[in-house]
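**Q** The listed protein sequences derive, respectively, from chains A and B.
For the first sequence, numbering that gives the first Met the number 0 assigns the number 0 to the initial residue and increments by one for each residue that follows.
For the second sequence, numbering that gives the first Met the number 0 assigns the number 0 to the initial residue and increments by one for each residue that follows.
By construction, these hints were calculated from the structure, which means they are not laboratory data.
Keep in mind the model is a prediction, meaning the values are calculated, not measured.
Even for Gly, the Cβ is constructed at its ideal location relative to N, Cα and C.
Any given hint might turn out to be false.
Claimed, not checked - What follows is a list of derived Cβ distance ranges for each label pair: (1) B:Glu128 with A:Leu103: 25 to 35 Å; (2) A:Thr288 with B:Arg5: 15 to 25 Å; (3) A:Leu160 with B:Pro191: 50 to 60 Å.
What the hints assert, rightly or not - Here are the computed lysine to any residue pairs in the SDA-like style, where the Cα-Cα straight-line distance is at most 25 Å: (4) B:Lys61 with B:Glu221; (5) A:Lys31 with B:Ile183; (6) B:Lys46 with B:Glu238; (7) B:Lys139 with A:Asn114; (8) B:Lys139 with A:Thr129; (9) B:Lys51 with B:Glu255.
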Amino acid sequence: MLELAIKGGKKYYGWMTFLMVIVGVGFLFYMKQLDFGLGITGLSRDTSWGFYIANFTFLVGVAAGGVMVVLPYYLHDYKAFGRVTILGEFLAIASVIMCVTFILVDLGQPMRVFNVFIYLSPRSVLFWDTVVLNGYLFLNIVIGWNVLEAERNQVHYQPWLKPLIYLSIPWAVSIHTVTAFLYCGLPGRGFWMTAILAPRFLASAFAAGPALLILCCLIIRRVSNFDPGREQIQSLAKIVAYAICINVFFFLCEVFVVFYSNIPEHMDHIKYLFIGLHGHGAYVPWMWTSISLMLIGIILTVNPITRKNEGVLAVACVVIFLGTWIDKGLGMIAGGFTPSPLHEINEYIPSLPEILIALGVWAMGFLVLTALFKIAVGIKEELHE
Amino acid sequence: MDSSRRRVLQLLGLSSLALTATPVLNAFAKEAGHAEEPKPVIKPNKKALMAKQWAMVIDTRKFESAADVEPLAEVCNTIHNVPHLNNKRHEIKWIWEAHYHNAFPGKAGRFLSEEVENRPFIVLCNHCENPPCVRACPTKATFKRESDGIVLMDFHRCIGCRFCMAACPFGARSFNYRDPRPFIKEINKEFPTRMKGVVEKCNFCAERLAEGKLPACVEASEGKLTFGDLYDPQSEVRELIRTHYTIRRKQVLGTEPSVYYIV
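Generate coordinates for the entire structure from the input sequences, incorporating the hints supplied.
**A** Below you can see the structure in the form of structure tokens.
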């Protein structure tokens, strides 16, 4: 099936070349980072995780979001999603690859990464995150590939896949739960110390993942002869609508607990992000943009008139994707580290090399995603013609 | 699709996998103790200082100004090859001076006497009895030494994920954002330098305790710092804790810090 990924028109190759150039630029800067150390980033003694880990966290969500097409199709026998499950699985594969790459570029000593497997440390949440992420990658490759191959040969997929498919559903929940546990189990980090962090992560994941999937479906319809289907897109849109509402609701729950209890250690982080603290407020405009985008997203997806208009829906999906990205990709990590455990404020601003490396990782993920979607769409075209 | 060719390829794949079986089986056979592996023998130094859990008592009343803290930090930095980096983001700190409000956020009272407010507070790794950094480490590169409770770092195992820095509620850990060696004034060959990309922190002078010497900061403090075994009722630290009102940083988090402050 791989041959389908190298049979494409000029536009396809143009897009792939464009992505490869960005990957190349990111890679060059990564070489610089390897040589100099993580000092070329904006990270500091106080904010020791930043843009890489934030993007990692966001993308774990996108990967988990893939389950929103797998679950209705396999558990509820919602036939319409049969056309798009493969897209969800392939999106998960590309996202997990980006996640793993973000972790690798974040390491100070990446050549020692196998120490994680040599000195197994089950008490570390990072160990479990490695396990669940790699497991999820493996499950989606095996399931996606075999189901697609069976579809191409017009036979039913092998029965041994069924248990793996069922396993992949709770596994998707687990990847984002464990990722939230990285943060919410740390004593003395008031911003993250909330039991609702994992549910919050999942809610934003189930908004951002399917939103990206809708955008992919709309693009696929334009550039190929395969139509993922109006009903499919509308069902996904309803999932996005519910998830983004729940996400904002969870955030408001957080705001209530933090401010009604009036505990400074918990309030200070949210204050820093939304109104600024002791004269520092680099994230204030971003956070309000994020909230506004999510609210606009709610209005556009909940209202049936706007949701049913695919042009408006596309805008809504972009808005929701950006809103949740700012929330998780910018605020979640920097906000947790500021103020520091000694209650000092040293603001974290990602550096240009750091942003370019991150862009390179995103481009690499989209390279994988495009190739995978090219294969899937190629097979769908063969079958539906 | 040519299924017979496919079958042959599958068989080829499986048989090449089978070729790897012997070395793997051999490895397992060794693990089970069939082959005797020599165990390293460490000869204990008779002079070495031992304790169940090392602890430190800082008498903050004896610190008046930054000048009282400086020699302590200086000796630590010198013997441990702690670099001096001008970029605040890349700073490496093992022991340093903090304001009362920063050392004890959430605990600092209001309307204190000016003398207490402006006292320099020494902060360092607390060598917690329940260290969250050790829990967080995915490679056991940071660990709590069972013999004396010191939280140590293996600089050669650390992968630089910085999970321990997120886990530490005391900001005690530093990361080498760049090669630290050019920023060390004079290298002490008795202690390892670090490379870029690893985390480091105070080690309660484990290398000095092994030779029967007290931690360098304690030695330099001229009695302002006291060091001893927390679980020896006769020890000097226990005596000070018994007879003085002491506080610990963020005690409410349950990490059980081993550094006590007399205020």
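**Q** It remains to establish, for every hint, whether it holds in the given structure.
**A** Hints versus structure:
Hint check: B:Glu128 to A:Leu103, Cβ distance near 34 Å, so the stated range 25 to 35 Å holds. In this structure the supplied range 15 to 25 Å is violated for A:Thr288 paired with B:Arg5, their Cβ-Cβ distance being about 54 Å. Taken as a hint, the range 50 to 60 Å holds for the pair A:Leu160 and B:Pro191, whose Cβ atoms sit roughly 52 Å apart. Between B:Lys61 and B:Glu221 the alpha-carbon distance is near 10 Å, which keeps this suggested pair within the 25 Å criterion.
With a CA separation close to 23 Å, the supplied pair A:Lys31 and B:Ile183 stays within the 25 Å bound. With a C-alpha separation of about 24 Å, the suggested pairing of B:Lys46 with B:Glu238 holds against the 25 Å cut-off. Pair hint B:Lys139 plus A:Asn114 holds up; C-alpha atoms about 9 Å apart against a cutoff of 25 Å. For a cut-off of 25 Å, the pair hint linking B:Lys139 to A:Thr129 stands: about 15 Å separates their Cα positions.
The hinted pair formed by B:Lys51 and B:Glu255 meets the criterion: a straight-line CA distance of about 14 Å does not exceed 25 Å.
Taken one by one, the earlier hints fail for this structure only at number 2.
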